[in-house]
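K.L.:
In order, the protein sequences belong to chains A and B.
For the first sequence, the working numbering gives the first residue as 1, with consecutive numbering after it.
For the second sequence, the working numbering gives the first residue as 1, with consecutive numbering after it.
Accuracy of the hints is not assured; some may be wrong.
[Claimed, not checked] Estimated spans, in silico, between C-beta atoms of each pair: (1) A:Leu221 / B:His397: 38 to 44 Å; (2) B:Ser376 / A:Lys225: 20 to 26 Å; (3) A:Glu414 / B:Thr14: 37 to 43 Å; (4) B:Glu405 / A:Lys225: 29 to 35 Å; (5) B:Ser83 / A:Lys225: 50 to 56 Å; (6) A:Ala290 / B:Asn329: 28 to 34 Å; (7) B:Gly328 / A:Glu28: 41 to 47 Å; (8) B:Asp222 / A:Ala271: 49 to 55 Å; (9) B:Ser241 / A:Arg46: 52 to 58 Å.
[Unchecked claim] Listed next, the in silico SDA-like pairs over lysine to any residue satisfying Cα-Cα at most 20 Å (straight line): (10) B:Lys323 / A:Lys359; (11) A:Lys29 / B:Ile256; (12) A:Lys153 / B:Gln32; (13) A:Lys29 / B:Ile111; (14) B:Lys96 / B:His336; (15) A:Lys24 / B:Lys96; (16) A:Lys153 / A:Lys323; (17) B:Lys323 / A:Lys24; (18) B:Lys29 / A:Ile256; (19) B:Lys29 / A:Lys359; (20) B:Lys2 / B:Arg46; (21) A:Lys339 / A:Glu416; (22) A:Lys24 / B:Lys2; (23) A:Lys359 / A:Glu416; (24) B:Lys225 / B:Phe331; (25) B:Lys153 / B:Asn218.
Hints were generated in silico from the structure; no laboratory data involved.
Every residue, glycine too, gets a C-beta built ideally from N, C-alpha and C.
There are 2 protein chains.
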Amino acid sequence: MKAKLQVGVLGFGTVGSGVIRILKEHQEKISQVTGYDITVKKVLVRDLEKNRRYEAEGFTLTTDPTDVLDDPEIAVVVEVMGSITTARNYILHALKAGKSVVTANKDLIAIHGDELVAVAQENHCDLFYEASVAGGIPILRTIVNSLAADRIKKVLGIVNGTTNYMLTQMTTSSKSYEEALKEAQDLGFAESDPTSDVDGIDAARKMVILTRLAFGMNVNLDDVKTKGIRGISQKDIAIASQLGYKVKLVGQAEEIDNTVDVAVGPVLLPAAHPLSGVNDENNAVFVTGAAVGETMFYGPGAGEMPTATSVVSDLITVAKNTKLGTIGNVFNRFVHETKYTPADKVFSKYYFRMQMNDKTGTFLKLTKIFADAGVSFDKILQEPNDKHTATVVIVSHAASRNQIEEAVDGVNKEPEMRLITQYAVVEG
Amino acid sequence: MKAKLQVGVLGFGTVGSGVIRILKEHQEKISQVTGYDITVKKVLVRDLEKNRRYEAEGFTLTTDPTDVLDDPEIAVVVEVMGSITTARNYILHALKAGKSVVTANKDLIAIHGDELVAVAQENHCDLFYEASVAGGIPILRTIVNSLAADRIKKVLGIVNGTTNYMLTQMTTSSKSYEEALKEAQDLGFAESDPTSDVDGIDAARKMVILTRLAFGMNVNLDDVKTKGIRGISQKDIAIASQLGYKVKLVGQAEEIDNTVDVAVGPVLLPAAHPLSGVNDENNAVFVTGAAVGETMFYGPGAGEMPTATSVVSDLITVAKNTKLGTIGNVFNRFVHETKYTPADKVFSKYYFRMQMNDKTGTFLKLTKIFADAGVSFDKILQEPNDKHTATVVIVSHAASRNQIEEAVDGVNKEPEMRLITQYAVVEG
Chain A
1 MKAKLQVGVL
11 GFGTVGSGVI
21 RILKEHQEKI
31 SQVTGYDITV
41 KKVLVRDLEK
51 NRRYEAEGFT
61 LTTDPTDVLD
71 DPEIAVVVEV
81 MGSITTARNY
91 ILHALKAGKS
101 VVTANKDLIA
111 IHGDELVAVA
121 QENHCDLFYE
131 ASVAGGIPIL
141 RTIVNSLAAD
151 RIKKVLGIVN
161 GTTNYMLTQM
171 TTSSKSYEEA
181 LKEAQDLGFA
191 ESDPTSDVDG
201 IDAARKMVIL
211 TRLAFGMNVN
221 LDDVKTKGIR
231 GISQKDIAIA
241 SQLGYKVKLV
251 GQAEEIDNTV
261 DVAVGPVLLP
271 AAHPLSGVND
281 ENNAVFVTGA
291 AVGETMFYGP
301 GAGEMPTATS
311 VVSDLITVAK
321 NTKLGTIGNV
331 FNRFVHETKY
341 TPADKVFSKY
351 YFRMQMNDKT
361 GTFLKLTKIF
371 ADAGVSFDKI
381 LQEPNDKHTA
391 TVVIVSHAAS
401 RNQIEEAVDG
411 VNKEPEMRLI
421 TQYAVVEG
Chain B
1 MKAKLQVGVL
11 GFGTVGSGVI
21 RILKEHQEKI
31 SQVTGYDITV
41 KKVLVRDLEK
51 NRRYEAEGFT
61 LTTDPTDVLD
71 DPEIAVVVEV
81 MGSITTARNY
91 ILHALKAGKS
101 VVTANKDLIA
111 IHGDELVAVA
121 QENHCDLFYE
131 ASVAGGIPIL
141 RTIVNSLAAD
151 RIKKVLGIVN
161 GTTNYMLTQM
171 TTSSKSYEEA
181 LKEAQDLGFA
191 ESDPTSDVDG
201 IDAARKMVIL
211 TRLAFGMNVN
221 LDDVKTKGIR
231 GISQKDIAIA
241 SQLGYKVKLV
251 GQAEEIDNTV
261 DVAVGPVLLP
271 AAHPLSGVND
281 ENNAVFVTGA
291 AVGETMFYGP
301 GAGEMPTATS
311 VVSDLITVAK
321 NTKLGTIGNV
331 FNRFVHETKY
341 TPADKVFSKY
351 YFRMQMNDKT
361 GTFLKLTKIF
371 ADAGVSFDKI
381 LQEPNDKHTA
391 TVVIVSHAAS
401 RNQIEEAVDG
411 VNKEPEMRLI
421 TQYAVVEG
């Protein structure tokens, strides 16, 4: 019989039960690759009565966190309960008790990751969080281990499954924003309060974590320029398609001269871009390295089993480290001073949809506003709405964020023009 | 100053010089993540005179392999010279001298991987070969570490850049096979003797390596059903496109009831399949796991810098292991008895293009041959060629390899029918 590695699980939702299921179903392989029988000893639940039926499963249910956190036989704690404050307290408690921790909690890692990593190091424990970004895609370990040889230049991520599902529905089935949201809610992808998904907050948290690993920089969530998909319209999706683009909610982190810029927002992607084919609730992270060039990692971004797979792969790493006596080595040693790219050094093409009074001289005025800001046009599309107004779509050449703001300010000052939408355009 | 980890490089072609360049250009990051200055001490070359200009680079050039293999200061040997017999001898020599080895040599690893892994283990050395499959894509480490928690069901790989480039040209620019081959040769993707690429041998070798890691089984190269793209015609690509498919050279390894089947050949992929968007010389590996579902890893399959990135990421792992005192642990511990799936248990849809005499009763005969073999039709396309013959295309429902062979034998016996091409069809 193999040695036992005993695990305590905090939270018994879909991911928690997925972890228990995978440890059981893939026991033989896991035991072969780690040399341990990894078994769940205790599970923290909210309500004992509701979970009575699991009593025969070989683990104990408890509502008292210290039952798990102070059990000397438990070597690893898996945190899959969510929330920030309570989860942080429990994880700190576990680490200080000398237990390694695996968590799927992106909100927590985005905000307190740095502190938790430091406490893990002080206490010679492992802390892994592969499941916190892009569910079943092993993107964090890939960046830290496999791309360690390279200098990463840019990370583009479709890292929120709910909004990607909605945009796919709006694109392929011409659904409205409201219909797509309702459908995502009915399918359980979106919560009843979808704020964190549709306003890009969830994606921004994941970009904070990716930026930390890819560029060694700790950006604040508040410094991620974040825009969601709320109110995105069929009209923009149709025009984008006509111009050869797909609309996706994309997180972009780019290194420019040892500074970094991180943004989340709807963007237009060239139809042939590998990210354009990422549909439904899938996620993908597109990484450009100085040496390797363009790579992409694609898979399910959420869901019980994919997320649980990432949690268990972290558990396997803890087990291997236990075997080798190498617990407590820092996962990511790549650290750089955090500096933000100034707005005059962040360049992108942009898409603008405007409504203009259809009278002589207005378009000339528009051209002048953009020219004064130093923004030149790549594509122009104009069509009449009615007798008095026209829709004008501009795709600009690459311009700095400052230049774009200047042009937008100019447009907003003119009563004959109304800027309706403005999205970044990714180059092919 | 950090401790030095000294490297000997066997071979100074594009990958070898890429490795040297990356170690130099990314020195700061590599030193931060490993705690070592990884430096190249000696490089084995064929011709000293030709490489005189590198003398000032800080390493010694030699034409004598023992200069590298017996140097006690060299801790790691990088083999990027290619060939099988000589490379095998040098690697065995290095391992027996207690040096860890990193190789990009797929031919060698496909054939002698098992022996080399055993010798590395006996001598407590590391042996890594990430660059041997799919160049810059870290697929081996992903399968072994990140998907360790899962049971892999199926691996589909576009793992040969040359043929993928050719098929992309034939599809997007309607080039003929000969034109596409010539272009690949002019661009340096294909060798003057393209046999190993166009006959699928290179892809088969990579599938042997992927199968070993994904399913823990050691299949023989001879047991991989291998078919190349030689003689593939514009006509099949056009018909496939009409039916909603792309033609790609795909390696397929599938586990069925603890047995495995591995095949390489041109297949029809549904246009919406993520592998269908993998164009030009890029590679991608599509992995289906019991728990994680469908994931894909995409990137450059070859080229100096991408391949060198994978080699250096292996060097970084050796350096980390040296630091932790964990050199000599087996990379892949997942081992299963190798059993092949019998031909009546391997199912697939198939595409057939035939030429038939256009006379009454021939189609009925064809229908009967397929029905007798137990193969039913999903799609049928018939168009006249001239007064006497017609082209008939059949896409079958899934049938076993035995059933397909029976149907093919039946067609081949009929003088009124001629089977021109026959490809597997991947389901969406």
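K.L.:
Could you run down the list of hints and mark each one as holding or not?
P.N.:
Taking the hints in turn, this is what the structure says about them:
no. : hint                            : result
1   : A:Leu221 / B:His397: 38 to 44 Å : violated, 52 Å
2   : B:Ser376 / A:Lys225: 20 to 26 Å : violated, 56 Å
3   : A:Glu414 / B:Thr14: 37 to 43 Å  : violated, 56 Å
4   : B:Glu405 / A:Lys225: 29 to 35 Å : violated, 60 Å
5   : B:Ser83 / A:Lys225: 50 to 56 Å  : holds, 52 Å
6   : A:Ala290 / B:Asn329: 28 to 34 Å : holds, 30 Å
7   : B:Gly328 / A:Glu28: 41 to 47 Å  : violated, 25 Å
8   : B:Asp222 / A:Ala271: 49 to 55 Å : violated, 42 Å
9   : B:Ser241 / A:Arg46: 52 to 58 Å  : holds, 55 Å
10  : B:Lys323 / A:Lys359             : violated, 73 Å
11  : A:Lys29 / B:Ile256              : holds, 16 Å
12  : A:Lys153 / B:Gln32              : holds, 18 Å
13  : A:Lys29 / B:Ile111              : violated, 25 Å
14  : B:Lys96 / B:His336              : violated, 27 Å
15  : A:Lys24 / B:Lys96               : violated, 40 Å
16  : A:Lys153 / A:Lys323             : violated, 36 Å
17  : B:Lys323 / A:Lys24              : violated, 34 Å
18  : B:Lys29 / A:Ile256              : holds, 16 Å
19  : B:Lys29 / A:Lys359              : violated, 58 Å
20  : B:Lys2 / B:Arg46                : violated, 32 Å
21  : A:Lys339 / A:Glu416             : violated, 40 Å
22  : A:Lys24 / B:Lys2                : violated, 44 Å
23  : A:Lys359 / A:Glu416             : holds, 9 Å
24  : B:Lys225 / B:Phe331             : violated, 27 Å
25  : B:Lys153 / B:Asn218             : holds, 16 Å
The earlier numbered hints that this structure contradicts are 1, 2, 3, 4, 7, 8, 10, 13, 14, 15, 16, 17, 19, 20, 21, 22, 24.
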